[in-house]
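Participant: Sequence:
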Amino acid sequence: MKKIFGIITATALVSAFMPISAAGYGAAGCGLGSLVLGSKPGFMQVFAATTNGTFGSQTFGITTGTSNCGGGMLSQAHTEQKVYAYNNFDSLKSDMAKGEGERLNNLASLMGCSSEVAPRLGNVTQSNFDTIYTSDANAETVLMRVKSLAATDATLNNSCSLL
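Per our numbering, the very first residue in the sequence shown carries number 1; after that it's consecutive.
These are computed hints drawn from the structure, not numbers from a lab. Just so you know, even glycine gets a beta-carbon here, dropped at the ideal spot from N, CA and C. One or more of the hints may lead you astray.
As the list claims (entries may be wrong) - With a cut-off of at most 16 Å between alpha-carbon atoms, the simulated EDC-like pairs for lysine to aspartate or glutamate come out as follows:
(1) Lys93 / Glu140
(2) Lys93 / Asp136
(3) Lys98 / Asp130
(4) Lys147 / Glu80
(5) Lys82 / Glu140
(6) Lys93 / Asp130
What the hints assert, rightly or not - Ranges of calculated distance between the beta carbons of each label pair, as one might list FRET restraints:
(7) Val36 / Asn123: 38 to 48 Å
(8) Asn138 / Ser161: 22 to 32 Å
(9) Thr79 / Ser115: 19 to 29 Å
(10) Leu162 / Gly56: 14 to 24 Å
(11) Thr134 / Lys98: 15 to 25 Å
(12) Glu140 / Phe43: 40 to 50 Å
(13) Val36 / Phe89: 18 to 28 Å
(14) Lys98 / Pro41: 57 to 67 Å
(15) Asn87 / Thr152: 21 to 31 Å
Please model the complete structure; the sequences and the hints are all you need to start from.
Facilitator: Pasting the structure below:
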């Protein structure tokens, strides 16, 4: 009975670490250590964890979505923008045609634009309305086109932090 319990415990522990191995980094997690040492097993993970802790790269990686850390705050912001564009597709279309409106201001905010430059986004979307809302437009393409236009506009590119 004791032997069976030991086997079950060992299997559970090995299974628990399988997702970590599949993520492209070892038990030390994401960060500079994972970039330098990868998922090399054993004591190398101690070096990876030490590297992550020494340089603070894990915190930075999680926040920015870099260093094998997957999506961070920026990725979350892009997801929120997509969901917002999907849920407000028709209202955004109306606001962009007018060059102003509550839904458009909210989108500007989700794109990290200050309230002072939100009217500029309205001007840009209104003057490029036919390019943004083509016959095959959907929420994702509209968002991509708006963000692309904002990135090419000097004022918006400098003022909107989540493009």
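Participant: Each hint should be assessed against the structure and marked as holding or not.
Facilitator: Tested hints:
1. Lys93 / Glu140: Roughly 13 Å between the alpha carbons, so the hint for Lys93 and Glu140 holds.
2. Lys93 / Asp136: holds (13 Å)
3. Lys98 / Asp130: holds (13 Å)
4. Lys147 / Glu80: Measuring from Cα to Cα gives roughly 14 Å; hence the hint holds.
5. Lys82 / Glu140: Measuring from Cα to Cα gives roughly 6 Å; hence the hint holds.
6. Lys93 / Asp130: With a Cα-Cα distance of about 11 Å, the restraint between Lys93 and Asp130 holds, given a limit of 16 Å.
7. Val36 / Asn123: 38 to 48 Å: holds (47 Å)
8. Asn138 / Ser161: 22 to 32 Å: holds (25 Å)
9. Thr79 / Ser115: 19 to 29 Å: With Cβ atoms ~23 Å apart, the hint holds.
10. Leu162 / Gly56: 14 to 24 Å: Roughly 23 Å apart at Cβ, these two residues keep to the hinted range, so it holds.
11. Thr134 / Lys98: 15 to 25 Å: holds (19 Å)
12. Glu140 / Phe43: 40 to 50 Å: Given range 40 to 50 Å: holds, Cβ gap about 45 Å.
13. Val36 / Phe89: 18 to 28 Å: violated (44 Å)
14. Lys98 / Pro41: 57 to 67 Å: holds (60 Å)
15. Asn87 / Thr152: 21 to 31 Å: holds (26 Å)
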